[in-house]
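Starting from two chains that each stand alone, build the complex the way the hints lay out.
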Amino acid sequence: MPNSRFPKQPQDASTGGPTPVTANAGPTSSGVSGSPIDDDVMIRAQAGDHLAFAHLYSLHKRRIYSLCLRMVGNVAEAEDLTQEAFLQLHRKIATFRGDSAFSTWLHRLAINVVLMHLRKKGLRLMSLDEAMEPVPDEGPGRSFGAPDLSLVGSIDRLALERAVAALPAGYRLIFVLHDVEGYEHNEIADMLDCSIGNSKSQLHKARLKLRDALRTSLRGERR
Amino acid sequence: MTNDPQQMNCQEFQAQLAELIGTGQNPGDHPHLKTCPLCRALLADLKTIAEAARQMFPIQQPKEELWERIVSAIKNEEASSKYN
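Protein chains in written order, with this note's numbering: chain A, 52 to 274; chain C, -19 to 64.
Check before you lean on any hint, since a few could be wrong.
Unchecked claim - Reference excerpt, derived from the structure (chain C facing chain A, CB under 10 Å, subset only):
| # | residue |
| --- | --- |
| 1 | Met(-12) |
| 2 | Leu(-3) |
| 3 | Ala(-2) |
| 4 | Glu(-1) |
| 5 | Gly8 |
| 6 | Thr28 |
| 7 | Glu31 |
| 8 | Ala33 |
| 9 | Phe37 |
| 10 | Trp47 |
| 11 | Arg49 |
| 12 | Ile50 |
| 13 | Ala53 |
| 14 | Lys62 |
If you are wondering where the hints come from, they were derived from the structure by calculation, not from laboratory data.
The C-beta atom is built at its ideal place from N, Cα and C for all residues, glycine as well.
For reference, chain C alone in the conformation it holds in the complex (with noise of 0.2 Å):
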C-alpha cells in the first residue's frame, strides 16, 4: 500500500477518488492516470454522470393546483384544531 501518488496501483487510487473529486480537485491531473486506461474511463464515465444528472433532470415545476390543495389542507387542520 502506497501513498505516493507515482507508484499507486488502480485499487489504492481509487481508494482515494471520492475525497479527490469530492474536494473539487481535478483527478484527471493524478499521475496514475497517464499510465491506466481502465482509470482512465473510470473517471470519464463518472463524469459523464454527473453531468448527465444535471442536464436531463432538470428542476422540476410542481402543477399550479398544488398551491390550492395545500392552503386546502392547511385550512381543514385549522378548522380542526379550533373544535378540539
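One chain only, chain A, in its complex shape (with noise of 0.2 Å):
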C-alpha cells in the first residue's frame, strides 16, 4: 500500500538521515541502475508513494536548483522552476523504465524545464539540439593574448557570475553541469543527447568565452 501522504519536510539526505542514499544522485554515477535501496525508493515513488517522493526530492533538490538557479541568475526564477521540474517529475515517474541513471533522467527534465522558460522570456533558443549546435561563424577556439594579463589569482566571484551569465545558453548548460555540477562528459552527452565529443568542444568554447570576458574585465580594473 503507498504511502499517500507527503511528509512536511522531506528528510535531508545529505545530512545524516538513517538511509543516506547517495550513490545515484550526483556525478559520476554512471551506472544505469542505482543502489538496492535507489530501486526500492523508485519503485515506491513510481506506485505513488508520497514518501518515496519525498526521498527522491531530497537527493536531487540540490543539483537541481543549483542547475536552475546558475542558468537563470535569479533565486525566484529557479525556486519556480526547481518547483516545475519536481512537478514534472511527479507526473512522468512512472514513464521512468531506467535505461539510463535516474539523475541523468531528471537532469534532463529540468533541463528541459529550464531551457523552455528562456525562450519564453524571448531568447532565441527552440531547443535543446539547437542550445547544442555550434555558434556560426566560430572556427575552433583560437585564443592568444598577452601572457601578462594572467587570471590566474584574480577571478572574483562576481565578474565570474557576470561572464557566466552572459554566456549563450547552450555554451553555459555545459560549463555549469561539468565545471560546477562536476558531471564527466559521458555523462552530459547523455543529458542533452549529442556526443562526447560535442560535449567537450562546447565546454573548451565556453571557457574561452569566459576567459574573453574575464580579460576584458580584468583590463578594465586596472585601466
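Structure, rendered in C-alpha cells:
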C-alpha cells in the first residue's frame, strides 16, 4: 500500500538521515541502475508513495536547484523552475524505465524546463538540439593574448557570475553541468543527447568565452 | 598542418586542446608549451576558470518552503484531475 501522505519536510539525505542514499544523486553515477535502496525508493515512488517521492526530492533538490539558479541567475525564478521540474517528475515518474541513471533522466527533464523558460523569456532558443549546435561563424576557438594579463589569482566571484550569465545558453549549460556540478562528459552527453566530443568542444568554447570576458573585465579594472 | 606535437604551432595546438583537456590528459606536458608562453598562459587561465567555478559556485540548498510549494502544487493537480 503506497504511502499517500507527503511529509511536512522530506528527510535531508545529505545531513545524516537513517538511510542516506547518495549513489545515484550526483555526478559520476554512471551506473544504469542505482543501489538496491535507490531501486526500492524508485519503485515505491512510481507506485505513488509520497514518502518515497519526498526522499527522491531530498536526494536531488540541491543539484536541480543549483542548475536552475546558475542558468537563470535569479533565486525566485530558480525556485519556480525547481518546482516545475519536480512537478513534472511527479507526473512522469511512472514513465522512467531505467534506460539511463535516474539522476541523468531527472537532469534532462529539468534542463528542458529551464530551456522552455528561457525561450518564453524571449531568448532565441528553440530546443535542446539548438542549444547544443555550434554558434555560427566560430572557428575551433583560437585564443591569443598577452600572457601578462593572467587570470591566475585574479578572478572574483562577481566577475565570474557576470561572465557566466553572459554566455549563450548552450555554453552556459555545459559549463554549469561540468565545471560547477562536476558531471563527466559521458554523463552530459547522455543528458543532452549529444556526442561526448560535442560536450568537450562546447565546454572548451565556453571556457574560452569566459576567459575573454574575464580578461576584458580585468583590463577595465587595471585602467 | 602537422600532427607531430613537436612541430605544432599555436593554432594546431589549440585545435587539439578541447580533446586534450576533455580526455583527462595533462596538456601541460605537451611539447608545444615548452616554447610557447602564450599557450602556457591560455592553459593556466582555463584551469583557473574551471577551479574558480567549483570553488565560487558551491551547490546551493533551496529554501525549505519550496517543498511545501511543490506538495501544494501536486495536491492541486491531483484534486483537479479527480474532477476532470
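Here is what the structure says about each hint:
no.	hint	result
1	Met(-12)	13 Å, violated
2	Leu(-3)	6 Å, holds
3	Ala(-2)	3 Å, holds
4	Glu(-1)	6 Å, holds
5	Gly8	13 Å, violated
6	Thr28	5 Å, holds
7	Glu31	9 Å, holds
8	Ala33	4 Å, holds
9	Phe37	5 Å, holds
10	Trp47	6 Å, holds
11	Arg49	5 Å, holds
12	Ile50	5 Å, holds
13	Ala53	5 Å, holds
14	Lys62	13 Å, violated
The structure fails hints 1, 5 and 14 (numbered hints given earlier, in ascending order).
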